[in-house]
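Colleague: Got chain A sorted already, so can you dock chain B onto it with the hints?
Quick note, the sequences are listed as chains A and B, same order. Each step along the first sequence adds one to the number in this note's numbering, with nothing skipped, and position 32 is 32. Each step along the second sequence adds one to the number in this note's numbering, with nothing skipped, and position 147 is 584.
Keep in mind the hints are simulated off the structure, nothing from the lab. Heads up, the beta-carbon is just placed ideally off N, CA and C, and yes, glycines get one too. There's no promise every hint is true.
Said to hold, decoys possible - Below, a list of computed lysine to any residue pairs in the SDA-like style, where the Cα atoms sit at most 25 Å apart:
1) K104(A) with V529(B)
2) K333(A) with Y546(B)
3) K104(A) with T692(B)
4) K189(A) with S267(A)
5) K104(A) with Q540(B)
6) K695(B) with P223(A)
7) K112(A) with T544(B)
8) K695(B) with P103(A)
9) K104(A) with L654(B)
10) K104(A) with G547(B)
11) K352(A) with V78(A)
12) K333(A) with V529(B)
13) K188(A) with E422(A)
To be verified - Just the calculated beta-carbon pair ranges, DEER-fashion:
14) G570(B) with E83(A): 32 to 40 Å
15) A589(B) with E409(A): 49 to 57 Å
16) D331(A) with A507(B): 30 to 38 Å
17) E111(A) with A611(B): 52 to 60 Å
18) E371(A) with L650(B): 41 to 49 Å
19) A357(A) with L700(B): 57 to 65 Å
20) F595(B) with E111(A): 50 to 58 Å
21) T544(B) with A357(A): 37 to 45 Å
To be verified - Not close to chain B: a few residues of chain A, all C-beta gaps over 10 Å, as computed:
22) G85
23) S286
24) D331
25) A364
Spelled out, the chains give:
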Amino acid sequence: MNPKSPIPASSKSVTRRSALKKLGAAAGAASALTLAPGFVRYAQAQSSAPIKLGFQVHSTGIGAAYGRWYDRTTQAAVALINEAGGISGRPIELVSEDDGTDPKRGAEVVEKFASQHKVDLVFGTLFSHVVIGAAPRAGELKMPYFVVSEGYHVASGALNRYVFQPGITDVRSQVSAMAPWIAGNLGKKVTMIFPDYAFGHDHRDFFSAAIEKQGGSIAALLPIPPTEASYTKYFPQIPADTEVIYHVMVGPGVLTFVKEMGEHFGSQRPQIFGFVDSLEAVDIASPGLEFLDGTYFWEANPRYAGPSQTEFDKFFREKVGVDANGASVSDPKDISTYSHMFGCWETLYVIKQAIEASGYQGPADRAKLIEATEAMTTFAAGNEHPQGDKTFDGKRHQCYGHQFISKVENQKLNVVHQTSIEDGMYENDTDYTKQAL
Amino acid sequence: MEGTVTAFVLALTALGLSLVFGVMRIVNVAHGEFFMLGAVLAWGFTALIPELPFWGFMLALLAAPVCVAAIAVIADALVLRRLNYEPEATIVATIGLLYILQQSVLTLYGPNAQPVVAPISFRVVLPWFGYSGYKLVVIGAAALLLIGVWYAITRTKFGLVMRATQFDRETAQAFGVPVKLVYAAVFALGAALAAIAGVLVVPLQQAHYLMGLDPLLLSFIVVIIGGLDSLKGTVVAAFIIGLSDGIISMFFSPTLAKIIATLAVALVLVWRPQGLFGARAR
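Just chain B, with the same shape it has in the complex:
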């Protein structure tokens, strides 16, 4: 159960990372900070109307990803585009972006963890222990979003254009695909997905300026296991990692779960460097 929540949230976050890598060939080290920004902005938006926590949260769920996407577009225009999306240069640039975002939040928002009230609260009572009902909401919302993203990629014109760019950037450009625009949109979409995950998770945790590091690490684990440009692989790997984390933590120890996840990454890199579902490099 706990694993299911982890799995869905992880799937959303890692999907953003995987999209950005798949289409733009950029390893976005600042991805976890978009997650953190989503959570911190959620606190900001819900604090605007403290008397209506439900609507405050709905506002956050809509507005926070939009704000984060806007920040991502700006970062794309100011930094990534100027580096010509060079894979090596962008890794260094996104590390810089990570620190800029993290330290700006520290400066503007402060070092304290702030709680956000869940939009609904009920307790699911099982015979031997209880459970927060909001976690079911997180699972439902994340599942809907995953289906939405899958639909957008496979069934819409934007998805087609995106896949074309992913498949071959030059040819797509030759066929009149506005590659720069697609890149900006994909980067924004990736950031927005992380931000939504952040908003969904924040009532379960608390908004804190250092909270982006863990999801970043887990997303990388998931994306490497699943295959860096395979969306299906990302989602499957998120479930493997999330559920095994929940189950192993429950029956053995959480530390063992982390050890196994890291070991899985090493094994995948040795035996199947393209990931479980990745295609071999062209």
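Extracted from the complex, chain A is given alone in its bound form:
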């Protein structure tokens, strides 16, 4: 055995003999069975030991619908990368852990990845309260933590040098790009309905500021507690002179939320603009949602394959198993979270690029990996970035891409506007590169 071998630390203390013993003795222990043969094989060719990626996934709890699709997208991307020879010639070994969409368990999962699975890095966290709960632990453990969350918490400078969001644009940029279009096409007096926690507060703060910059105003703000199951009682607070309702909702109650909004307004509704989060994983043709025809949605990635579909999107859909309506190819009722899950795919390709650029060998090279990621500036559209081209700000650890506005017509979403990357740019002075590694 070469004691300097860069293979995962868990196998360092294992000799060939003990590994073989394990093989024979622990017939029941599946973990030993999978570890041992791999170990024997890589003892000769150390540089081909797998790169272990910890995948923190919301398999249960309020983020379960997102988790299901994040998992499918990730599995597809990992299979594709491995088919093409892996990262630096090393295959990816994906280690998935459920965090129950719970901030406390999120931090525990990061801990478990570091101490038990000994992964090279962690990625995939979505819900902003979980990211905010878990990211400090990742920083303490010096564990690179690539989130796919949309929240502004990365770019705001609130987290630490080990946290990146290179696969999906943050909320501040998204809403800044939406405000001019809303003010110009729908109306200037806006009532906002949003979930009452970090992600919703990003919407509240930055959309309010952006619409006021366009000469608009906020008629009312309706924060909704994240565990709410019934929404009817909130709607009477919408002022009668509201021109546009801006809604964004997450969690298992989203279908109820939109349905009850329809019951409240009937046909005499103001203009409605929603973030598609309010209907991710929900069929727009569900009974009770007919009133949405003629309303508008933000999408990060168009759910319905329209005339402007790129060949990259076609490739992405096929590999993940999504049909032209944004549903699973095996079950047309299983609707994807199409405006978010591409982020996992793109993040994995950014990780690949960063590992290859930095010459990363093992956990000792994590600082090199961080610096190589910070040095990135642009991602070109392609099969690796099917949502489109993006810029990356190494100081803020955040990427910026195009956004879409779609109109509901015949219970389908049709893209009517695409923003430029510049539409979503804003000023702030976050600089993570000044923090120590």
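Modeller: Using the frame of chain A, we list chain B on its own:
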């Protein structure tokens, strides 16, 4: 209006909790899970005959409470009876039951919220906004059930036996009341009431494995305010909480409504620990 729906559903759920406490002296922490089971089973039964949503729902309304009652009887026989209905031990045991039920549903049913189609759908149109007609059905059905339960308790032999057990367990046993049977039946009835509430509510919300926590909390609030062994108090408190929640949410904010409900619990505990209608401890 929204408050009325909350009030009726809450009354049903809390009545089950109050019955179980009144007769068995058990604080059933797993009560909300029976509510959740009702909703999840309703999804299961309506999914059996998707082409006939009305009859599927009727089937769910009958079968789901029966299934939940059966689960409750099993839980009573396997867990509560073996603990001799000790108040402290049963609190811990029902916390365990809560997790067993919740995690079994997660394993078997999955983590996703599933919608159930309402058996009837029409929209009540008011001049300034609209309203789901199904909510009226919920109010009607819940009111009928409340009257039914009241009748069963005050006018039938089962009710008499139950009240006798509640009043004094030993004496009732001495007079030949099958106390064990009464306990099992009351526990089943309490669970079934929560399950019916779950079935009624599920077309308005969606079936989800974590949906039992909110009704549990509200039921406790209601039962504490109303008095732990007073059925009348439970129903009155459900209306106070439900309606004030609706009205305060409408005119101020839903968060304020929750604050006031919790404050009411604290005040009741300080000034009138037996609840508004509870009798002083004997």
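Colleague: List, from low to high, the hint numbers that the structure doesn't satisfy.
Modeller: 12, 14, 23
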